[in-house]
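Student: These are the residues of each chain, in order.
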Amino acid sequence: MNGFAIVWQERALFLEGLWNTVSLVVAAIAISVPLSALGAVVLVEAPRPVARLARALIDLTRCVPFLLLAYVIYYGLPQLGLRFDAWWAGLVTMTLYNAAYLAEIFRSAWLALPKEGFEAARAYGFRPATLYRRIVLPQIAYASAPLVGGQIIVMIKDSALLMIITVREISFAANSINANYFTPFAPFVVAIGMYWMLSLIVEAWVRRVASGARLRYG
Amino acid sequence: MTWAAFETLLTGAGTTVALSLAGLAIGVPLGLALALIRWARIPVADQLVATYVSLVRATPLLTFVLFVFFVLPTMGLELDPVPAAIVTLALNTAPFNCEIWRAGLTNFPRDQLEAAEACGMTRTLAFRRIVAPQLWRVCLGPLVSEMTILLKATPAVAVIGVVEITRAASRIGAATYDPLPPFLAATVIYTLLIAVIVQAQRVIEALIARRYGYAAP
Amino acid sequence: MADAAPAVSARLVCKQFDGIEVLRDVSLDVAKGSTACIVGPSGSGKSTFLRCVNWLEQPTTGQILLNGAPMGVVPSPKGGTRPMTAKELALARTRVSMVFQHFALWPHLTVLGNVIEAPVHVLGRPRDEAVEDARRLLARVGLEAKADAFPHTLSGGQKQRVAISRALAMKPEVLLFDEPTSALDPEMVGEVLEVMRDLAKEGMTMMVVTHEMAFARDVADTIAFFDAGRVIETGDPKAFFTAPQTDRARRFLTRYGI
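Protein chains in written order, with UniProt numbering: chain A, 1 to 218; chain B, 1 to 217; chain C, 1 to 258.
Keep in mind that the hints were calculated from the coordinates and are not lab data.
Values in this document were obtained by computation on a predicted structure and should not be read as measured data.
Keep in mind that the hints are not guaranteed to be accurate.
[What the hints assert, rightly or not] Each computed DMTMM-like pair below joins lysine to aspartate or glutamate, with the alpha-carbon atoms no more than 25 Å apart: (1) C:K171 to C:D198; (2) C:K78 to C:E88; (3) C:K238 to C:D227; (4) C:K171 to C:E194; (5) C:K146 to C:D198; (6) C:K171 to C:E191; (7) C:K201 to C:E132; (8) C:K146 to B:D111; (9) C:K201 to C:D236; (10) C:K32 to C:D221; (11) C:K171 to C:D29; (12) C:K201 to C:D218; (13) C:K87 to C:E57; (14) C:K146 to C:E187; (15) C:K87 to B:E114; (16) C:K171 to B:E117; (17) C:K87 to B:E117; (18) C:K87 to B:D46; (19) C:K171 to B:D111; (20) C:K171 to B:E114; (21) C:K171 to C:E129; (22) C:K146 to C:E129; (23) C:K87 to B:D111; (24) C:K32 to B:E117; (25) C:K87 to C:E173.
Taking the hints into account, I'd like the entire structure generated from these sequences.
Tutor: In structure tokens:
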């Protein structure tokens with residue numbers, strides 16, 4: 001039987017995989033973006049000991065492979081009484097792991113911003129909360145969009161590793177069809193096609209943001 | 001954690017390092033070759049390379065290694081897990097290296113190339129004598145970052161049965177029902193490996209800066 | 001016959017970038033052993049014209065002749081011309097050397113390495129001979145002590161003198177200078193101009209794009225005044241500086257207090 005026909009026959013498995021990958025990525029972005037923005041604030045503005053602690057945690061996370069963190073959360077934390085099922089363990093891993101990278105991206109975008117604008121805002125009597133909301137954050141968002149897009153693509157790719165802790169995502173679907181029908185080509189091509197499509201969507205989004213940024217900042 | 005378990009981890013570390021180095025040894029020059037094809041705008045080949053880069057940059061390493069391990073044999077190319085892992089790592093890192101080299105090439109100071117041209121150098125000679133000796137220095141920083149990314153990506157090859165650090169740690173954890181210590185030890189090993197790479201990069205950059213007065217931007 | 005030809009002869013050179021006209025019908029002859037200074041406001045096409053002489057820019061129409069031989073094109077036997085191949089062009093360029101505004105030294109090579117690079121690897125001269133030659137050239141610009149230094153340790157004026165040595169090492173028929181002192185701190189301009197003065201005295205054929213009016217007045221054999229992509233005036237520097245023929249030249253010179 002033709003491999004692609006088998007994939008079509010098992011499309012429910014693939015759609016479940018696509019759904020799990022996308023839902024994990026979207027949920028992880030939704031949580032890790034505010035979390036990492038907070039992390040960046042801590043890195044830049046918090047009192048020294050707190051900032052150093054945050055820096056150490058972020059650096060440590062950035063030294064570890066994604067899969068190792070997933071193992072710690074899925075197999076290690078139950079030892080401490082924290083038990084997640086596979087999908088939730090995947091979400092926690094993706095959120096923490098990406099928050100560390102995003103915090104670093106936001107921090108460097110922030111430090112690279114010209115300071116005169118902030119001073120001008122202060123001179124006009126902006127209060128800190130308004131200053132951040134109206135002046136700082138929009139500029140950071142535009143400046144870091146390409147790197148955030150890159151990080152989201154990394155996130156999508158990392159999610160494949162969650163197959164090893166039994167999350168039923170795209171690669172899991174491809175691998176299980178291969179294992180059951182001994183027809184590797186079609187399922188893996190379809191899986192790779194799905195990942196490619198997802199990252200093309202992210203790249204298109206980055207281009208839109210970038211053209212918006214050009215409109216404003218030239 | 002017993003000493004034997006620790007030895008298992010160290011063996012895994014050896015595998016991780018060997019796999020990464022092998023992947024780099026193929027992937028970095030391959031990336032340069034791809035970058036040169038794009039730089040020289042060789043028709044058709046240029047488009048093919050661009051597509052390859054886009055495709056591989058979007059494909060998870062885990063999916064890629066499964067593809068290489070299971071699909072290549074159906075095309076008559078049987079690979080054991082370790083060679084399959086090396087091939088995948090090399091093919092996976094090459095596009096990223098290609099983009100790094102290409103950025104170095106497109107940002108190469110125009111006036112230096114014009115001076116070479118004005119002296120009667122052909123494009124090939126200018127590349128060999130003027131561009132190449134400086135290119136690797138500019139690209140060193142990003143290449144090292146890519147190196148650490150590759151190192152951290154190696155656990156994906158566990159899926160075809162290669163036992164590197166992460167896989168070794170999870171095995172020890174499964175055998176002892178005490179997974180946290182081996183994971184912690186694995187974390188320490190990764191941190192040390194990355195620290196060594198980053199430190200080496202700093203030393204090289206300092207040497208370059210002292211001699212030539214500039215390093216990677 | 002070829003000997004009587006000017007070292008450089010530009011004939012009706014036009015250059016357009018994306019439909020914008022940068023040079024229009026520029027004709028200029030530079031006699032062997034003479035110095036031509038090209039002056040004019042910024043954006044008047046001076047540098048573009050200079051870059052056409054060694055084909056770093058390709059004229060849209062018109063001709064450049066170097067000692068009677070066309071640059072950039074080869075006459076074909078049936079009449080008409082074809083563009084030079086990359087190899088032919090590289091060879092032709094060895095006859096003209098160029099000194100750039102921002103020096104364009106190669107930072108990965110020492111001072112000596114910069115000077116011998118092209119003679120050894122383009123002209124294929126023996127290394128010993130090139131080194132000997134280079135040391136002599138560096139001595140003459142007062143930099144023999146810096147032979148083994150890397151460019152980043154030099155001042156701007158020193159860098160430009162190295163760049164001049166590098167250009168001379170090719171034993172060119174013509175030496176092109178593209179605003180050689182514009183990127184220098186004022187106190188370093190003098191040392192570079194002095195080297196150029198000596199070269200002019202020794203009979204080097206030079207084309208110099210410059211904003212140094214005193215230099216142009218004292219050293220040039222010919223002045224070409226560019227404005228808006230055209231040559232407005234050419235001729236003897238004394239006449240040009242004391243009695244410019246056109247309003248535009250007069251207004252230009254007024255800005256320099258002349």
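Student: Checking each numbered hint in turn, tell me which of them this model violates, lowest number first.
Tutor: When the structure is compared with the hints, none of them turns out to be violated.
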